[in-house]
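Participant: Residues per chain, in single letters:
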Amino acid sequence: MLTRINIGPVHPSTHGVLRLVVDLDGDTIVNVEPHVGFLHRGVEKLAENRMYMQIPVYMEKMDYVAPMSVNEAYVATVEEALGVEVKERAKYIRVILLELQRIASHLLWLGTMCNDIGQMFTAFMWTFRDRDMALRLLEEATGQRMFYVNMRLGGLVRDLPPDFAEQAATFLDYMERRLHEYESLLEKNPLFIERTKNVGTLSRSDAKALGVTGPVLRASGILYDIRKNKPYYAYEKLNFQAKMLGRGDNFSRYRVRMLEMYESIRLVREGLERLPEGDALGMPVRLIIPNAKNRIAAVSREMPRGEALMYMVADPQRPYRLAMRTPAFINLAALNFLAKGQRLADLFAILGSLDLVMADVDR
Amino acid sequence: MSIDSIIEAGITSPNSLVSLLFIIIYAVMILVIMSAFAYLFGWIERKVIAKSQYRHGPTYLGKYGLLQNMADLIKLISKEKVTPANAEKLLFSAMPQLLVAMTIFAILIIPFTPNIAVTNIGIGLLALFVLIAFSPIVLFLAGFASGNKFADISAQRSVLMLIGYELPVMIVIASIVVAANSYNLHSIVLQQSKEYFALLMPLGLFVFFVAMLAELERSPFDLREADSELIAGWLTDVSPPYYALALFIDYTRMFMGSLLIAVLFFGGWLGPLMPPILWLLAKAFIISLIIIVIRVSVVRMRIDRILRFGWFWLIPLSLINLVITYVIVR
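Taken in sequence, the protein lines are chains A and B. Per my numbering, the very first residue in the first sequence carries number 1; after that it's consecutive. Per my numbering, the very first residue in the second sequence carries number 1001; after that it's consecutive.
A portion of the hints provided could be inaccurate.
25 angstroms max Cα-Cα, derived DMTMM-like pairs, lysine to aspartate or glutamate [said to hold, decoys possible]:
hint, chain 1, residue 1, chain 2, residue 2
1, A, Lys197, B, Asp1304
2, B, Lys1051, B, Asp1072
3, B, Lys1149, A, Asp27
4, B, Lys1047, B, Asp1250
5, B, Lys1047, A, Glu181
6, B, Lys1149, A, Glu33
7, A, Lys340, B, Asp1304
Restraint ranges, calculated between C-beta atoms of paired labels, are given here [what the hints assert, rightly or not]:
hint, chain 1, residue 1, chain 2, residue 2, range
8, A, Asn336, B, Asn1181, 51 to 61 angstroms
9, B, Ser1093, A, Met1, 21 to 31 angstroms
10, A, Arg204, B, Tyr1326, 47 to 57 angstroms
11, A, Glu139, B, Leu1066, 30 to 40 angstroms
12, B, Pro1240, A, Glu139, 37 to 47 angstroms
13, A, Arg204, B, Ala1282, 50 to 60 angstroms
14, B, Leu1040, A, Arg50, 51 to 61 angstroms
Note that these hints are calculated values from the structure, not bench results. Yeah, the Cβ is synthetic: ideal placement off N, Cα and C, and Gly gets one too.
Just chain A, with the same shape it has in the complex (with noise of 0.2 angstroms):
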């Protein structure tokens, strides 16, 4: 006989307003039916209605966790669309911005996946800290602590401040030995490996006909990161790798998002270190309206979630069509996939490692 459970939208482990209705046979689980859309807002819409530069402040609430990159992909879609070339300066301090800013979203990831499988708060206590420090950084950067508004064409609002390499070292070195230290608090603790080991297993064919992007698609095994396949900005010029694992369970997508902070780090060091001198600064607000071309552009872009692409349709004054293709409302559209078959318990643990932000989902 099924059972049939509402999740949410209100519940502990649901990262925001997520709606599952569970069909469940005993402990195990039949069928997984997500409802999406409290967090609706209508970001494309409202797009229509603002001056270019207006929009990045509702982007960035797109997906709260890694604001920058969503502000980044919105700016550099009006960057193509109006043909305006990003200064060299600008191209390896954005770099370095958005790693940092993967860092700080996958620490977030780590504290609420130990949550979902039953940790008492401590690891998310432990990363919010780490998180924290990544914050700061970001905010000695750009003044904000959580949405930015920072990226004006063709650069930034403002250059980094004079410090920011020493203080950026201090946090890496930090940062570095505190993954270590996760690495062997989780992986030589057998109830974690028990719990995301050969759990949610994705294969590589089902990740690639379900359309899933960023870690979820490289735990699967397949190497596709734009910061590789089509490189933008200072990424081609630094040296990192696009790490992918094989097996597709949640140990994998654990293990792919530690291998990338690592990378992340090796990035901003890199970034830091050949930070090319000169102006970093963008244009000013009000000198981009009257140069507007109208033509169509898209823009894709490695978010900590995954690929999101941006589509544009320009007018001289505002966009006269904004539309987005997000990595966590595709991301999601696996869950059904991944958790039937599962139990009850496992359904959080796959849902945590999917990596969700539901403002991405319903946007």
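Fit chain B to the given chain A structure using the hints.
Facilitator: Coordinates of chain B only, in the frame set by chain A:
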């Protein structure tokens, strides 16, 4: 004449009315000790967890936040009591009280000092085992009666855990009986004056400790109220006063469990200088601290895995322990 010998004299008096009166006095004393432990333990648990998570824990009310739990208790009790419409009213409201009574009864049997006679009954260990084994059934009924689907799942899990964990506990208790040659808790404690049973049977201690964690719903076996899946398990649909009672039960059962481990494996009241009751409480306190530290640091186990662990590891280990104990003792 110390207070425990007065109580003993009262309980063993030929007049049955006087005897009953003294038993009730003793039960009230136990209740006070139990409540004090539950209160302090709640505070210590919050502080230890907070420290291990780089937080401060309660600091605002009273010295070191000692009054915070009192404030929480007042808040919980002063709220409205609502019984869910789907609930089986009688079962739902009677089960927590039954559980409190069972816990007090179990603690009454545990010997706090060498003198108290109510505890000096021949079948003490068996009675304790029955009381421990019965509590998951009470929790099952409470969860089942609340009429909530999450509570229902948690009730099913509690029965599954009963299947996985009662057998190893029973076998370990058998090996204790082999070692002490008695079911009487007094003789078990006195038997340990030469050597604690923790040294005699470390395997048995391990199995019993793990099974006790499962019994008391502590991490990593807190499946009944797994907050990331079942919201609060059998407590999902309860009103605040009921929840306060459930928290109280949680802490008192914790007290019972750590007392039991102290008595069966660490020599109960035995120890130099300090009065016997303080020795027992100190041992129980250290054991409960260990349980908190485990709670902070592990992730929750899955139900199918717990059963496998119980049947494939704990039962063989406890059998090996029984054989080893038999060989050493005879």
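Participant: Determine for every hint whether it applies to the structure shown.
Facilitator: Each hint tested on the structure:
1. A:Lys197 x B:Asp1304: holds, 15 angstroms
2. B:Lys1051 x B:Asp1072: Holds, because 20 angstroms separates the two Cα atoms, which is no more than 25 angstroms.
3. B:Lys1149 x A:Asp27: holds, 12 angstroms
4. B:Lys1047 x B:Asp1250: Roughly 17 angstroms between the alpha carbons, so the hint for Lys1047 of chain B and Asp1250 of chain B holds.
5. B:Lys1047 x A:Glu181: Between Lys1047 of chain B and Glu181 of chain A the Cα gap is close to 24 angstroms, so the pair holds against 25 angstroms.
6. B:Lys1149 x A:Glu33: Holds, because 17 angstroms separates the two Cα atoms, which is no more than 25 angstroms.
7. A:Lys340 x B:Asp1304: Holds: Lys340 of chain A and Asp1304 of chain B sit about 16 angstroms apart, inside 25 angstroms.
8. A:Asn336 x B:Asn1181: 51 to 61 angstroms: For Asn336 of chain A and Asn1181 of chain B the Cβ distance comes to about 60 angstroms; the hint holds.
9. B:Ser1093 x A:Met1: 21 to 31 angstroms: holds, 28 angstroms
10. A:Arg204 x B:Tyr1326: 47 to 57 angstroms: holds, 55 angstroms
11. A:Glu139 x B:Leu1066: 30 to 40 angstroms: holds, 37 angstroms
12. B:Pro1240 x A:Glu139: 37 to 47 angstroms: holds, 40 angstroms
13. A:Arg204 x B:Ala1282: 50 to 60 angstroms: holds, 58 angstroms
14. B:Leu1040 x A:Arg50: 51 to 61 angstroms: Since Leu1040 of chain B and Arg50 of chain A have Cβ atoms about 58 angstroms apart, the given range 51 to 61 angstroms holds.
Hint violations for this structure: none, all hints satisfied.
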